[in-house]
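Those protein sequences? They're chains W and D, same order as listed. Position one of the first sequence corresponds to residue 1 (this note's numbering), numbered consecutively onward. Position one of the second sequence corresponds to residue 342 (this note's numbering), numbered consecutively onward.
Bear in mind the hints are in silico, worked out from the structure with no lab data behind them. Glycine included, C-beta positions come from ideal geometry on N, C-alpha and C. Keep in mind that a hint or two might mislead.
What follows is a list of derived Cβ distance ranges for each label pair [said to hold, decoys possible]:
1. W/Gly-83 - D/Pro-562: 50 to 58 Å
2. W/Glu-102 - D/Ala-569: 58 to 66 Å
3. D/Ala-447 - W/Asp-249: 46 to 54 Å
4. W/His-159 - D/Ala-682: 30 to 38 Å
5. W/Glu-132 - D/Gly-496: 47 to 55 Å
6. D/Arg-565 - W/Arg-110: 55 to 63 Å
7. W/Arg-272 - D/Glu-380: 49 to 57 Å
Reference listing, derived: stretches of chain D covered by chain W, where coverage requires no fewer than 3 residues with Cβ under 8 Å from a Cβ of chain W [stated by the list, open to error]:
8. 498-506
9. 546-554
10. 616-630
Protein chains: 2
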Amino acid sequence: MNRTERLLRSCRGEPVDRPPVWLMRQAGRYLPEYRRVREGVSFLDLCRDVERAVEVSLQPLRLLGTEAVILFSDIFVPVLGMGVELDFRPGPVVARPIRTREQVAALAVRDPRESAPYVFEILRVLRRELAEEQVPLLGFAGAPFSLAAYLVQGGGSRHFSAVKRMMHRDPETLRALLDRLTELAVAHLNAQIEAGAQAVQLFDTWAGLLSRADYREWVLPVHRELVAKVDREAAPLILYVNDGAHVVDEMLEAGPDVISLDWRVDLADAARRAGRRASVQGNLDPCLLYAPAEAIGAAVREAVRAAAPARGHILNLGHGCLPDTPVEGVRAFIRAAQQLA
Amino acid sequence: MNRTERLLRSCRGEPVDRPPVWLMRQAGRYLPEYRRVREGVSFLDLCRDVERAVEVSLQPLRLLGTEAVILFSDIFVPVLGMGVELDFRPGPVVARPIRTREQVAALAVRDPRESAPYVFEILRVLRRELAEEQVPLLGFAGAPFSLAAYLVQGGGSRHFSAVKRMMHRDPETLRALLDRLTELAVAHLNAQIEAGAQAVQLFDTWAGLLSRADYREWVLPVHRELVAKVDREAAPLILYVNDGAHVVDEMLEAGPDVISLDWRVDLADAARRAGRRASVQGNLDPCLLYAPAEAIGAAVREAVRAAAPARGHILNLGHGCLPDTPVEGVRAFIRAAQQLA
Numbered sequence: 001m002n003r004t005e006r007l008l009r010s011c012r013g014e015p016v017d018r019p020p021v022w023l024m025r026q027a028g029r030y031l032p033e034y035r036r037v038r039e040g041v042s043f044l045d046l047c048r049d050v051e052r053a054v055e056v057s058l059q060p061l062r063l064l065g066t067e068a069v070i071l072f073s074d075i076f077v078p079v080l081g082m083g084v085e086l087d088f089r090p091g092p093v094v095a096r097p098i099r100t101r102e103q104v105a106a107l108a109v110r111d112p113r114e115s116a117p118y119v120f121e122i123l124r125v126l127r128r129e130l131a132e133e134q135v136p137l138l139g140f141a142g143a144p145f146s147l148a149a150y151l152v153q154g155g156g157s158r159h160f161s162a163v164k165r166m167m168h169r170d171p172e173t174l175r176a177l178l179d180r181l182t183e184l185a186v187a188h189l190n191a192q193i194e195a196g197a198q199a200v201q202l203f204d205t206w207a208g209l210l211s212r213a214d215y216r217e218w219v220l221p222v223h224r225e226l227v228a229k230v231d232r233e234a235a236p237l238i239l240y241v242n243d244g245a246h247v248v249d250e251m252l253e254a255g256p257d258v259i260s261l262d263w264r265v266d267l268a269d270a271a272r273r274a275g276r277r278a279s280v281q282g283n284l285d286p287c288l289l290y291a292p293a294e295a296i297g298a299a300v301r302e303a304v305r306a307a308a309p310a311r312g313h314i315l316n317l318g319h320g321c322l323p324d325t326p327v328e329g330v331r332a333f334i335r336a337a338q339q340l341a
Numbered sequence: 342m343n344r345t346e347r348l349l350r351s352c353r354g355e356p357v358d359r360p361p362v363w364l365m366r367q368a369g370r371y372l373p374e375y376r377r378v379r380e381g382v383s384f385l386d387l388c389r390d391v392e393r394a395v396e397v398s399l400q401p402l403r404l405l406g407t408e409a410v411i412l413f414s415d416i417f418v419p420v421l422g423m424g425v426e427l428d429f430r431p432g433p434v435v436a437r438p439i440r441t442r443e444q445v446a447a448l449a450v451r452d453p454r455e456s457a458p459y460v461f462e463i464l465r466v467l468r469r470e471l472a473e474e475q476v477p478l479l480g481f482a483g484a485p486f487s488l489a490a491y492l493v494q495g496g497g498s499r500h501f502s503a504v505k506r507m508m509h510r511d512p513e514t515l516r517a518l519l520d521r522l523t524e525l526a527v528a529h530l531n532a533q534i535e536a537g538a539q540a541v542q543l544f545d546t547w548a549g550l551l552s553r554a555d556y557r558e559w560v561l562p563v564h565r566e567l568v569a570k571v572d573r574e575a576a577p578l579i580l581y582v583n584d585g586a587h588v589v590d591e592m593l594e595a596g597p598d599v600i601s602l603d604w605r606v607d608l609a610d611a612a613r614r615a616g617r618r619a620s621v622q623g624n625l626d627p628c629l630l631y632a633p634a635e636a637i638g639a640a641v642r643e644a645v646r647a648a649a650p651a652r653g654h655i656l657n658l659g660h661g662c663l664p665d666t667p668v669e670g671v672r673a674f675i676r677a678a679q680q681l682a
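Next comes chain W alone, as it looks inside the complex (with noise of 0.2 Å):
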């Protein structure tokens, strides 16, 4: 079995051998090689560089042999689109945070194709890059209400409460803001979809900041319908939820091929209720790969045996690589769930 099949039939809940495995933030700081592509270079100027960010995509795989290749980018490349002025100090910062109706009213939806060709590109040349070798390729996208806490806020924050505030005192503007992100993120998958990404994966970070009701009213509906407008025909849908262990069902319910369960989510738990409904994927804490070979490895073989139940499984941390990450953890974990064949 290819590991393309591996990963697309295990999105879609088809038998494989064993679980596929990857990780989120594969491509980052911990890996020296990368870091060296990233000297001297600004982060979205890296996101920009077709060559370099085939480079990086690329290293996981070659270095380490992750079994997906995820295209290199940044979930706010193609909100500059809209207009919005941003730098990376290294966080997102938002130059001018957007609170009002007629700020939201100005942002332009344009087609990202048109905006961000780049990624497009990137994603090109990564598929013939990959054909031959029958590695799977990803796309991503951020989830608009994460892209609204970061655009509302003005940058990263612990508890978001500008987002919320706007939810309690101005929700007109919050749903007008998450329209147009919702429509923006619809096009921005699809435009990957149909330049060669496999599968694409929704990141929502700043969800599970919200209260089980909220996260019902504001969030739900918004993944349902990307799930009903991404061509999952053509790519699976994976949905991930940081945070999220009070939410499993309502990601369930918004019907993605896959959950992807942060580590502070009951695997087993999870499991038991997508059953034949969804494929889970997940979900280690990437504190673990501090720890030795043995105990990565006894952590893979639970996660395998918890996530059973469930139609399908694919290996992967319950958050990205933090870039203190040890590489030879990295190393343990893919080889811990490449012997479980």
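Fit chain D to the known structure of chain W by using the hints.
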């Protein structure tokens, strides 16, 4: 029914006329009167200044009618007595993060009555002030894991990966650190009870960053030990775990009188699990206090309905008041609680 009876009976699951109400971080920057006292004095000096600390402790009672008064202090106050050098800028910053067994061995567990006598003087003054009005007085301590997370990391952090690194690479050092911090917390809480605290709350702000398995191994035994060693005959123990939707059963398993839940926990589900074993406290999103009064009132009534299966309920937020919490939101919250009668 006076306010002391209402709170203490609610903690123990005895019948009351309606749930009592108070707010975590009710004495804080959102109150202009607090900011006035705080002006020109450092945060730690405010904790040490008996007269001012008494004044800010009482402000939420006097100005807003909260139904409990909590000691104004900080979770790091007893830690200072261990010989740890730290500063607030405004979050805690540890001069020398604790990374080695030798550093742990050098931590002194001093009697908090000697290292921080002002804490107990504040409590004694408050108890005298409140005796006639029959308002309950609460003490508190930071839970060992959360203190360790700060001490090992060196300050605040999104992932607190340093303490997890120690967990995986040097578990004995972490165990030794937790042992000392547990001893300290027990001494600190019992001394507060002796000085007049009628109930005590344990704050585990960062334990929710652990997977359920890691929490069971590293946090649950510590909570169990605290539950066993704190004088709960004299003062019921409230256990707060932030971001703990995945460990509600473990919070109950520790055996506190009350589990205090953050806003992401499904209160109805947690109350069913708690049943006759424990009372529940919480759990409105602090950001709900940005909303109009009617929405706050509806959420209060919904929380009370959801909490019904538990033996008792204390109305509170799911996290502390934020600095930009509107005072009118706090008033609406308290008013809604008091109209339940």
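Now for the hints, and whether the structure bears them out:
| no. | hint | verdict |
| --- | --- | --- |
| 1 | W/Gly-83 - D/Pro-562: 50 to 58 Å | holds, 54 Å |
| 2 | W/Glu-102 - D/Ala-569: 58 to 66 Å | holds, 59 Å |
| 3 | D/Ala-447 - W/Asp-249: 46 to 54 Å | holds, 49 Å |
| 4 | W/His-159 - D/Ala-682: 30 to 38 Å | holds, 32 Å |
| 5 | W/Glu-132 - D/Gly-496: 47 to 55 Å | holds, 49 Å |
| 6 | D/Arg-565 - W/Arg-110: 55 to 63 Å | holds, 57 Å |
| 7 | W/Arg-272 - D/Glu-380: 49 to 57 Å | holds, 55 Å |
| 8 | 498-506 | holds (count 5) |
| 9 | 546-554 | holds (count 5) |
| 10 | 616-630 | holds (count 4) |
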